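*Asks:* Single-letter residue listing:
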Amino acid sequence: MDQQFLTSMAFIFLSFALYIGIAVYNRARQTSDFYVASRGVPPVWNGMAIAGDWMSAASFLGMAGTVMILGYDGLAYIMGWTGGYLLLTFLLAPQLRKYGRYTVPEFIGDRFDSHKARLIAAIGTMLISFVYIIGQLSGTGVVLGRLFEIDAAIGTIIGVVVITIYATFGGMRGITWTQVAQFIILIIAYLIPVVFMSLQITGNAIPWITYGEIVTKLGELDRDLGISQYFAPFEQTNKAQFLALLFCLMAGTAALPHVIVRFYTVSTMKAARWSGAWALLFICMLYLTAPAYAAFSRFILMTEVAGQPFDALPAWTQTWIDTGRLQMIDTNGDGILQWSEITISNDIVVMATPEIANLGVFVIGLMAAGALAAALSTAGGLLIAISSSFAHDIYYRLINPQASEEKRLLVARLSIAVATIVAGLVALDPPGVITQIVAWAFSLAAGTFFPVLVLGVWWTRCNAQGAIAGMLSGLVVTLTYIILARYFGVSLFGIIDTGAGIFGAPISLLATILVSLATPEPSQKLKEEVMDLRYPEQMTYKDGEVWLHENR
Amino acid sequence: MKKLDKQVANAYYYTRVKHVAIYLSIWFIVSFGVVAFADSLTGFNVNGMPFHYFMGAQGALIIFVVLLFVNAVVSDRVDKSFGIDEEANERLGSGKTLDH
Chain A
1 MDQQFLTSMA FIFLSFALYI GIAVYNRARQ TSDFYVASRG VPPVWNGMAI AGDWMSAASF
61 LGMAGTVMIL GYDGLAYIMG WTGGYLLLTF LLAPQLRKYG RYTVPEFIGD RFDSHKARLI
121 AAIGTMLISF VYIIGQLSGT GVVLGRLFEI DAAIGTIIGV VVITIYATFG GMRGITWTQV
181 AQFIILIIAY LIPVVFMSLQ ITGNAIPWIT YGEIVTKLGE LDRDLGISQY FAPFEQTNKA
241 QFLALLFCLM AGTAALPHVI VRFYTVSTMK AARWSGAWAL LFICMLYLTA PAYAAFSRFI
301 LMTEVAGQPF DALPAWTQTW IDTGRLQMID TNGDGILQWS EITISNDIVV MATPEIANLG
361 VFVIGLMAAG ALAAALSTAG GLLIAISSSF AHDIYYRLIN PQASEEKRLL VARLSIAVAT
421 IVAGLVALDP PGVITQIVAW AFSLAAGTFF PVLVLGVWWT RCNAQGAIAG MLSGLVVTLT
481 YIILARYFGV SLFGIIDTGA GIFGAPISLL ATILVSLATP EPSQKLKEEV MDLRYPEQMT
541 YKDGEVWLHE NR
Chain B
553 MKKLDKQVAN AYYYTRVKHV AIYLSIWFIV SFGVVAFADS LTGFNVNGMP FHYFMGAQGA
613 LIIFVVLLFV NAVVSDRVDK SFGIDEEANE RLGSGKTLDH
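Protein chains in written order, with my numbering: chain A, 1 to 552; chain B, 553 to 652.
There's no promise every hint is true.
[What the hints assert, rightly or not] Computed footprint of chain A on chain B; a stretch qualifies when at least three of its residues, placed anywhere within it, have a C-beta under 8 Å from a C-beta of chain A:
| hint | region |
| --- | --- |
| 1 | 571-577 |
| 2 | 582-591 |
| 3 | 602-611 |
| 4 | 617-630 |
[Stated by the list, open to error] Computed beta-carbon distance windows for the label pairs:
| hint | chain 1 | residue 1 | chain 2 | residue 2 | range |
| --- | --- | --- | --- | --- | --- |
| 5 | B | Asn562 | A | Leu472 | 16 to 24 Å |
| 6 | A | Leu414 | B | Arg629 | 29 to 37 Å |
| 7 | A | Lys525 | B | Lys555 | 18 to 26 Å |
| 8 | B | Asn562 | A | Lys525 | 19 to 27 Å |
| 9 | B | Tyr565 | A | Thr343 | 23 to 31 Å |
| 10 | B | Val622 | A | Phe488 | 42 to 50 Å |
| 11 | A | Thr519 | B | Phe580 | 29 to 37 Å |
| 12 | B | Thr594 | A | Ala312 | 32 to 40 Å |
| 13 | B | Gly585 | A | Asn204 | 25 to 33 Å |
| 14 | A | Asp224 | B | Tyr565 | 52 to 60 Å |
| 15 | A | Pro401 | B | Val598 | 37 to 45 Å |
| 16 | A | Pro431 | B | Val598 | 36 to 44 Å |
| 17 | B | Glu639 | A | Leu6 | 32 to 40 Å |
Bear in mind the hints are in silico, worked out from the structure with no lab data behind them.
What you are looking at is a predicted structure, and each value in this text was computed from that prediction instead of being measured.
In this text, a Cβ means the ideal position worked out from N, Cα and C, and glycines have one as well.
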């Protein structure tokens with residue numbers, strides 16, 4: 001029990017006490033609380049909750065490491081995970097808000113007036129959220145594994161228990177405010193080490209201004225070592241893969257069920273637009289910082305760690321080597337650690353750097369609490385998406401429409417517990433690094449939901465048969481490509497598993513349009529409901545005319 | 553409720569669509585456009601780093617945020633110029649919500 005362990009535990013316990021306190025204070029009293037927080041969250045706070053919900057273990061733990069290892073090519077994640085908010089806010093969020101349902105499958109089921117479409121959408125939502133949550137649990141495993149100096153798998157089990165207890169408690173209403181708290185904790189935890197590193201390396205405390213010259217210096221260091229320069233474009237991946245990944249992450253962002261549902265918690269279309277703007281502002285606080293984090297980490301590793309004799313390596317190296325995610329092997333046998341002899345996993349860069357930079361026990365403890373906040377807040381949102389798809393869209397709307405409120409809440413809570421445990425089992429031996437697993441979820445969302453949602457909102461002629469064909473073809477193509485590319489080495493145009501949605505989405509779009517046109521038009525009522533989404537709440541489209549509600 | 557002149561209703565919709573089309577064009581150019589030509593945009597530095605890297609790490613993100621706030625402000629103005637009142641929206645929005 002060293003000082004570091006006790007400090008980290010103290011931070012984690014304090015932050016958990018805060019989340020549970022908030023969840024208990026705001027616990028769900030009725031169904032609309034559980035799913036959409038009674039639709040009264042102000043936009044700035046909703047923006048913060050979206051940011052907390054959005055920024056997962058992949059953002060907090062994985063992204064800086066990915067940029068550090070891939071250089072310029074890692075920036076696809078930075079641009080993709082922010083640019084998607086434009087598609088979401090311009091094309092979908094306000095319109096879906098006006099339609100006024102609880103979940104994405106419910107929108108699809110009611111918009112197309114088809115239980116079959118509802119069922120497919122519910123299964124798609126559960127699958128996407130499930131893949132996503134594996135990444136979160138594997139992230140909790142990394143943090144807890146390091147903290148207790150145990151195998152990441154045991155860390156994952158502890159994470160599963162904590163998340164299950166905490167997410168079954170509050171539902172959406174509790175989660176909104178815990179997510180706000182989690183955002184504040186994770187952003188403070190992320191910014192502090194970067195500011196200190198900036199001060200250490202450049203003497204200036206504003207990392208966003210100083211790290212540019214470090215990026216240029218990294219390029220020079222690389223050139224001296226005879227490797228490709230850090231900022232050189234398309235060295236690790238090719239341009240087609242970069243563009244494909246960029247598209248998948250953007251379209252996936254716009255179509256992720258657990259993000260869309262956060263826009264249902266505000267009161268109007270206007271509030272949805274403002275929520276989107278605030279959310280991206282808060283998200284960019286971290287996303288503008290991650291490349292700085294990556295540059296400083298790499299600079300410290302290259303200049304202070306590499307070049308040391310093997311028998312004089314600092315103590316932190318051993319604890320990370322023990323977790324199995326850091327390797328330092330003297331391949332040329334000269335007793336000196338070279339840059340090329342360090343193999344570091346994307347997932348540990350953020351957690352390991354404060355130790356490497358010697359930032360002290362408080363910063364490291366705060367990082368642990370921040371990383372858990374990021375994983376927990378997203379896991380909470382994902383579990384709500386899974387449980388509402390099952391309990392609301394499948395159980396209540398399809399199987400048992402007479403179910404009482406208590407029974408539906410019970411089914412919702414049970415499905416959360418089951419989903420967490422099953423995802424935890426998969427996360428014991430994660431099928432990839434965190435950002436990669438999460439990118440699959442985005443590809444699946446881009447291929448399955450993005451074309452159908454956009455067409456469903458903007459194209460009146462789109463019908464149930466088209467939507468079903470679109471979702472199924474998109475899902476099958478994307479999933480098949482991920483499996484073929486990941487396990488069988490198949491690759492078209494150099495695009496790997498994470499960019500699979502680039503094939504799924506256009507096929508889904510085409511299938512939706514062609515099948516819709518080949519089958520009968522949707523009813524007049526459905527078409528009018530879609531026309532209605534083009535106007536603010538005060539305007540209503542009815543009988544081929546637009547009506548304006550008078551001000552009271 | 554009063555019937556809205558068809559031209560007024562269309563004008564509202566086309567104004568909004570036009571704005572969204574402009575924003576999405578800018579979005580496309582600063583992200584996909586810059587990436588597509590990244591190899592030839594490496595020559596000069598902005599904020600201490602090569603231009604293509606700056607756009608990916610900072611430039612595009614800042615433009616995204618600005619576009620979303622511009623959209624929020626301009627949309628509010630458009631709504632206002634068509635006589636839309638947010639309080640009425642809130643009242644109608646909560647009334648129209650499907651609750652079950």
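*Asks:* Going through the numbered hints above, which ones does this structure break? Give me the numbers in ascending order.
*Replies:* Those not satisfied are hints 5, 6, 9, 15 and 17.
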